[in-house]
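Chemist: For reference, the chains in residue letters:
Number of protein chains: 2
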Amino acid sequence: MSTRAKIIEALAAAGETPVSGHDLADALGISRNAVWKHIEALRERGYVIESTHARGYRLMSAPDSLTPDAVGAHLATKWLGRNLICHDITGSTNDDAGRLAREGAVEGTVVLADAQTAGRGRLGRDWVSRPRLNLYASLLLRPAIAPADAPQLSLVAGVAVADALEREGIEAGIKWPNDVLIDGRKVCGVLTEIEAEADMVGSVVVGVGVNLNSVIGDFPEELHDRATSIRMATGRMVDRASFAATLLECFELAYERWREHGFAELKGDWERRSVLIGKPVEVAAASASAQGICIGIDSDGALLLKGDGDEVRRVIAGDVTLVGGYDR
Amino acid sequence: MSTRAKIIEALAAAGETPVSGHDLADALGISRNAVWKHIEALRERGYVIESTHARGYRLMSAPDSLTPDAVGAHLATKWLGRNLICHDITGSTNDDAGRLAREGAVEGTVVLADAQTAGRGRLGRDWVSRPRLNLYASLLLRPAIAPADAPQLSLVAGVAVADALEREGIEAGIKWPNDVLIDGRKVCGVLTEIEAEADMVGSVVVGVGVNLNSVIGDFPEELHDRATSIRMATGRMVDRASFAATLLECFELAYERWREHGFAELKGDWERRSVLIGKPVEVAAASASAQGICIGIDSDGALLLKGDGDEVRRVIAGDVTLVGGYDR
Chain W
1 MSTRAKIIEA LAAAGETPVS GHDLADALGI SRNAVWKHIE ALRERGYVIE
51 STHARGYRLM SAPDSLTPDA VGAHLATKWL GRNLICHDIT GSTNDDAGRL
101 AREGAVEGTV VLADAQTAGR GRLGRDWVSR PRLNLYASLL LRPAIAPADA
151 PQLSLVAGVA VADALEREGI EAGIKWPNDV LIDGRKVCGV LTEIEAEADM
201 VGSVVVGVGV NLNSVIGDFP EELHDRATSI RMATGRMVDR ASFAATLLEC
251 FELAYERWRE HGFAELKGDW ERRSVLIGKP VEVAAASASA QGICIGIDSD
301 GALLLKGDGD EVRRVIAGDV TLVGGYDR
Chain B
1 MSTRAKIIEA LAAAGETPVS GHDLADALGI SRNAVWKHIE ALRERGYVIE
51 STHARGYRLM SAPDSLTPDA VGAHLATKWL GRNLICHDIT GSTNDDAGRL
101 AREGAVEGTV VLADAQTAGR GRLGRDWVSR PRLNLYASLL LRPAIAPADA
151 PQLSLVAGVA VADALEREGI EAGIKWPNDV LIDGRKVCGV LTEIEAEADM
201 VGSVVVGVGV NLNSVIGDFP EELHDRATSI RMATGRMVDR ASFAATLLEC
251 FELAYERWRE HGFAELKGDW ERRSVLIGKP VEVAAASASA QGICIGIDSD
301 GALLLKGDGD EVRRVIAGDV TLVGGYDR
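If you're matching them up, the sequences are chains W and B in order.
Counting along the first sequence from 1, when you hit position 2 you're at 2 in my numbering, and nothing is skipped either side.
Counting along the second sequence from 1, when you hit position 157 you're at 157 in my numbering, and nothing is skipped either side.
Certain hints may be false.
Pair by pair, the computed Cβ-Cβ distance ranges are [what the hints assert, rightly or not]:
hint, chain 1, residue 1, chain 2, residue 2, range
1, W, A264, B, D88, 36 to 44 Å
2, W, V48, B, V106, 51 to 59 Å
3, W, R125, B, E103, 33 to 41 Å
4, B, D319, W, L322, 40 to 48 Å
5, B, R257, W, A285, 20 to 28 Å
6, W, A264, B, S299, 52 to 60 Å
7, W, E103, B, V106, 53 to 61 Å
8, W, D319, B, V312, 32 to 40 Å
9, B, E166, W, L223, 27 to 35 Å
10, B, R257, W, G217, 48 to 56 Å
Since the hints were made in silico from the structure, they are not lab data.
C-beta atoms are modelled at their ideal positions from N, C-alpha and C, and glycine is treated no differently.
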């Protein structure tokens, strides 16, 4: 954590109680003058920090923008997000992360944006990315895997987002392969993109869009019965920097389990959130479509469908529809 | 073919015999004044064209640079290379083609360069790219396949390069997965790179480097017993524009057969060039290594190795060494 992030964290933890420059200097092992300079820098970045000579510093408000300092103040990861780029506005965080990947950026580099002008979902679909309401994050990973194994990372991301929502006290469902749901409505989408030599992945960018503070009017009308946000589901506003840090921590944990033990390790965590298991589903794929009762996923992450007979079919790609709609 | 390319072709076909502006205008359905303007434009691009009032135009020499006109004069493809970008010098044609792919360039876009400053081979290895001697070409493709099927395109490229060499009267060998050989020495390398959503390929860039006119001194010393060029193997200089067109035509044919019928369709053409079949080989892969007698490839393009027992092992990635060296 940067010194600046530590200062924010200390002030935030103290709440209404002022923290003296002397105490901050001691805790951080720097001079009081250095503390003052960091406070000035934070003020320039939009933090409102009250200071009284006698009592010390008090954090009145944090800037509305995501910043490395704001996220860093909450970040408990070892490597994910330690190289963190925050944009006020960008085309697509996945494109940014892809560019950084080609320029040689380290694994764990994360791109966040307050707003996207060309946010993308799967299959080139638009992803609504209104300014400063939600989380638009792209995670650069460099696992030593074959391209065929990359779809597993979408499922890892689904588990990580569900874990992060659980830490916020929210029960999340997962719809294969990429959607996270609250009460049957989509709160998060994942777009996993890879660059590879023919047989070996060079980089994976996992893009995660989580609706935090959107209200229904923020979505296009055709999504009104299908989209939700944490705020819509719980009535609470969500601190974006804090949620970003939680998500990165949950992702790092899930990713390391996957990297060490394979997807089988996460299968249980995925399946207990699945909104499809035991239900009749239809899968529309590029080549063909399939129907059946979803009985789970296999250890590679493929969806398992049981047909009219007893044969089980593996589906590795496609759009899933629950026949009869979602339970609320 | 552009009008300009048709003029070059007509003049090249006539050889020493001048072609009158009147005949060119008739053949192309344009005015003599338009012919004259095209001739002027070609001269500006380095074509030396003699003209005498009485007899007409004669092509004395073509520019040393690859140009869309020069390649176009020979090009017999339907779609491959019809959008053709030629650089005097660039970092890497694969990087250029990748960038164009992200910007939405059409399938069949081809990037050529006279020289590369950062040419790459497989696994990040350098590819020696001296100016104006050889062919550095990157082909942008957009097949509707899963990432796992992309390695097949390296094999398709190998067949296409071998086909192009055969048209030049040269017998070529293929070493799995990516090398084309003449007399056991490498004349061509292929670097296939993909961008994909988790489960669907968005673009494939097939980079092909063919040593045409290099002499031994053009290669770094450590490659002196392993590298060759068409010139080294045959004593003949190769016209780069003409060879580029031949290669693109051979690739288009092979690619369309693959796209329509799958790799099985090309398996025979690949196997008859294989320098490995029936021989003891060692494969070094990221995870493990394998040894055995190579008995061919399967219909997906995986290398088949027979071990000490009778078990056959499929190898989908790795570096192959022929135990005991190559036959010359």
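Chemist: Has the hinted range 36 to 44 Å been met by the Cβ atoms of W/A264 and B/D88?
Modeler: Since W/A264 and B/D88 have Cβ atoms about 53 Å apart, the given range 36 to 44 Å is violated.
Chemist: Range hint 20 to 28 Å: satisfied by the CB atoms of B/R257 and W/A285?
Modeler: holds (25 Å)
Chemist: Using the Cβ atoms, figure out if B/D319 sits within 40 to 48 Å of W/L322.
Modeler: Given range 40 to 48 Å: holds, Cβ gap about 47 Å.
Chemist: Honestly, do W/V48 and B/V106 meet the 51 to 59 Å range at C-beta?
Modeler: holds (52 Å)
Chemist: Should the hint that W/R125 and B/E103 are 33 to 41 Å apart at their CB atoms be regarded as holding?
Modeler: The hinted range 33 to 41 Å is violated for W/R125 and B/E103, with Cβ atoms some 19 Å apart.
Chemist: Regarding B/E166 and W/L223, is the given constraint of 27 to 35 Å on their beta-carbon distance met?
Modeler: violated (56 Å)
Chemist: Given the range 32 to 40 Å, decide if the beta-carbon distance of W/D319 to B/V312 lies inside it.
Modeler: Since W/D319 and B/V312 have Cβ atoms about 38 Å apart, the given range 32 to 40 Å holds.
Chemist: Looking only at beta-carbon atoms, does the pair W/A264, B/S299 fall within the given range of 52 to 60 Å?
Modeler: violated (29 Å)
Chemist: Is it true that W/E103 and B/V106 lie within 53 to 61 Å of each other by Cβ?
Modeler: Hint violated: Cβ distance 26 Å, outside 53 to 61 Å.
Chemist: Does the Cβ distance between B/R257 and W/G217 fall inside 48 to 56 Å?
Modeler: For W/G217 against B/R257, whose Cβ atoms are near 54 Å apart, the range 48 to 56 Å holds.
Hint violations for this structure: numbers 1, 3, 6, 7, 9, all remaining hints satisfied.
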